[in-house]
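Undergrad: Here is how the chains run, residue by residue.
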Amino acid sequence: MISYIGKSIIDLHVNDETVSVMVNPSDTLLHVLRNQLLLTGAKKGCENGDCGSCTVLIDGWPVKACLMLAVEADECSITTIEGLKDLEIQKAFIENWGFQCGYCTSGFLMVCYALSRIHPEADEYTIEQWLQSNLCRCTGYSEIKAAIHSILNK
Amino acid sequence: MISFDFAYYRPDTLEEAIDCFQRLTKKNQKVIYYGGGTEIISMARAESIQFDAVIDLKWIPECTTLKLDQDNYIIGSMNSLTTIAEAGYFPLLCKTITRIADHTTQGKITIGGNLKSTIIYREATLPLMVTNCKIKIMTAKGLLTLPFPQIWNGQLDLQPEEFLVQIVINIDDINLPYVHAKRTKMDRIDYPLITLVGNKKNQFIQAAISGASNNPLLLDSEILNSSLSNEDKIRSIIDQIDHSLMSDIQGSKEYRKFVLSNMMSQMFAKLKDK
Chain A
1 MISYIGKSII DLHVNDETVS VMVNPSDTLL HVLRNQLLLT GAKKGCENGD
51 CGSCTVLIDG WPVKACLMLA VEADECSITT IEGLKDLEIQ KAFIENWGFQ
101 CGYCTSGFLM VCYALSRIHP EADEYTIEQW LQSNLCRCTG YSEIKAAIHS
151 ILNK
Chain B
1001 MISFDFAYYR PDTLEEAIDC FQRLTKKNQK VIYYGGGTEI ISMARAESIQ
1051 FDAVIDLKWI PECTTLKLDQ DNYIIGSMNS LTTIAEAGYF PLLCKTITRI
1101 ADHTTQGKIT IGGNLKSTII YREATLPLMV TNCKIKIMTA KGLLTLPFPQ
1151 IWNGQLDLQP EEFLVQIVIN IDDINLPYVH AKRTKMDRID YPLITLVGNK
1201 KNQFIQAAIS GASNNPLLLD SEILNSSLSN EDKIRSIIDQ IDHSLMSDIQ
1251 GSKEYRKFVL SNMMSQMFAK LKDK
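Just so you know, the protein sequences line up as chains A and B, in that order.
Under the working numbering, the first sequence has 116 at position 116, and the numbering climbs by one with no breaks.
Under the working numbering, the second sequence has 1145 at position 145, and the numbering climbs by one with no breaks.
Warning: the hint list may mix true and false statements.
Covered stretches of chain B, as calculated for chain A (at least 3 residues, CB under 8 Å) [claimed, not checked]:
(1) 1009 to 1021
(2) 1104 to 1113
Cut-off 20 Å, straight-line C-alpha distance, at most; resulting in silico cross-link-like pairs (DMTMM-like, lysine to aspartate or glutamate) [what the hints assert, rightly or not]:
(3) B:1058 to A:75
(4) B:1201 to B:1273
(5) B:1185 to A:50
(6) A:154 to A:95
(7) B:1095 to A:123
(8) A:7 to B:1052
(9) B:1134 to B:1157
(10) A:44 to B:1047
(11) B:1095 to A:128
(12) A:7 to B:1005
(13) B:1058 to A:59
(14) B:1058 to B:1012
(15) A:145 to B:1187
(16) B:1095 to A:124
(17) B:1058 to A:74
(18) B:1058 to A:11
Now the in silico label distances, taken between C-beta atoms and shown as ranges [claimed, not checked]:
(19) A:137 to B:1001: 20 to 28 Å
(20) B:1255 to A:17: 50 to 58 Å
(21) B:1177 to A:22: 50 to 58 Å
(22) B:1201 to A:13: 44 to 52 Å
(23) B:1019 to A:123: 44 to 52 Å
(24) A:22 to B:1066: 32 to 40 Å
(25) A:5 to B:1203: 51 to 59 Å
(26) A:19 to B:1019: 27 to 35 Å
(27) B:1269 to A:17: 54 to 62 Å
(28) B:1001 to A:1: 21 to 29 Å
(29) A:20 to B:1201: 54 to 62 Å
(30) B:1147 to A:100: 52 to 60 Å
(31) A:13 to B:1269: 50 to 58 Å
(32) A:88 to B:1170: 44 to 52 Å
The set of hints was computed from the structure by calculation and includes no laboratory data.
Note that the coordinates shown come from a computational prediction; the quantities given were computed from them, not determined experimentally.
Every residue gets a Cβ at the ideal spot worked out from N, C-alpha and C, and that includes glycine.
All chains, please: the whole structure from these sequences, using the hints.
TA: Right, dumping it as structure tokens:
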């Protein structure tokens, strides 16, 4: 049985690198990514699992990092927005004006990237379902949808 | 951020989990079992709950089984809603759980966590309430299998050290004709005003609702299957549960009655020729 009592050193596998961090069991993954690993791409929004701005990928699936303890993630493959480079979805967001202030963008990109890999033939209902996990206060939803549509079902 | 610290334990077996719980409890520590953690983390951050230790059940193999055999569909309690939905067995359950929270969060919420939720809705129980299923729980005396109604009185009736291990659903019940309807106040992603599920087996209708009262409710199957007209059945059902219907920010009691009447009417229509 693994146990973490008080400050503990754990290994996190982030963006294909393994890093050792000292965490409290109560530290959320979001807190550790931003404050210890300085991966500030995942944003602190509601910290309640509603807005999705903190979305990262855990073993390829989107997860809200504010709703995960860092110690839960020690055997998982974590991908943050910093781990996505020159991908089709990122170009699609640029070409379709899929961002305004940009605060929600990293979260949306993680969801869209995961969707394009897990359901490359996603229909409209599936796209809607996945995208409803994230909020955009600038209400740039149409452009975000256009961006994901442009890379799916090719 | 959570403002207090706690210990985290990750047992590999059922016995380790319950031993750990009992050992810590003897030291007067407040211990809770940890599934997806969405509710625990949210409530801890808001300081609605406080605890000294969590025991994460997600690494116990029996709790993450997902298996369809010739007799049963076996669902480990620590399977996420997404895992269950992606498997695609038991369409009524899949439909119900894909309307709980949002898609990303469904990847973290476990079915066991939803059944044991302190939030009143526990929508994942609705398909279980209308099927022939059993529950395996880990107790101080070992693994126990019980019929679901025996352990469910609006909530899972467990001792503090006990936890849900598996749900075992009779295979004859997973592909029945069904109805699922969820009404919310405004947004598609929201707590329910009312969620209604129903199914029909050998011309016998069962139905359950969530969101209308403090716990999910199984509707009286005698009334549902009586010789009364549909309008009279609906009126009788609503009269029977009237005392438990609530008024809150989602909607008034009268509005809930109105919505439930319409939902039940649609349910009868959809199941009529099935």
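Undergrad: Taking the hints in turn, state whether each one holds.
TA: How the hints compare with the structure:
no. : hint                        : in the structure
1   : 1009 to 1021                : holds (count 6)
2   : 1104 to 1113                : holds (count 4)
3   : B:1058 to A:75              : holds (12 Å)
4   : B:1201 to B:1273            : holds (12 Å)
5   : B:1185 to A:50              : holds (17 Å)
6   : A:154 to A:95               : holds (17 Å)
7   : B:1095 to A:123             : holds (17 Å)
8   : A:7 to B:1052               : holds (14 Å)
9   : B:1134 to B:1157            : holds (14 Å)
10  : A:44 to B:1047              : holds (19 Å)
11  : B:1095 to A:128             : holds (15 Å)
12  : A:7 to B:1005               : holds (10 Å)
13  : B:1058 to A:59              : holds (15 Å)
14  : B:1058 to B:1012            : holds (9 Å)
15  : A:145 to B:1187             : holds (18 Å)
16  : B:1095 to A:124             : holds (17 Å)
17  : B:1058 to A:74              : holds (13 Å)
18  : B:1058 to A:11              : holds (19 Å)
19  : A:137 to B:1001: 20 to 28 Å : holds (22 Å)
20  : B:1255 to A:17: 50 to 58 Å  : holds (54 Å)
21  : B:1177 to A:22: 50 to 58 Å  : holds (55 Å)
22  : B:1201 to A:13: 44 to 52 Å  : holds (47 Å)
23  : B:1019 to A:123: 44 to 52 Å : holds (48 Å)
24  : A:22 to B:1066: 32 to 40 Å  : holds (35 Å)
25  : A:5 to B:1203: 51 to 59 Å   : holds (58 Å)
26  : A:19 to B:1019: 27 to 35 Å  : holds (33 Å)
27  : B:1269 to A:17: 54 to 62 Å  : holds (57 Å)
28  : B:1001 to A:1: 21 to 29 Å   : holds (27 Å)
29  : A:20 to B:1201: 54 to 62 Å  : holds (55 Å)
30  : B:1147 to A:100: 52 to 60 Å : holds (55 Å)
31  : A:13 to B:1269: 50 to 58 Å  : holds (53 Å)
32  : A:88 to B:1170: 44 to 52 Å  : holds (46 Å)
Of the numbered hints given earlier, the model fails none.
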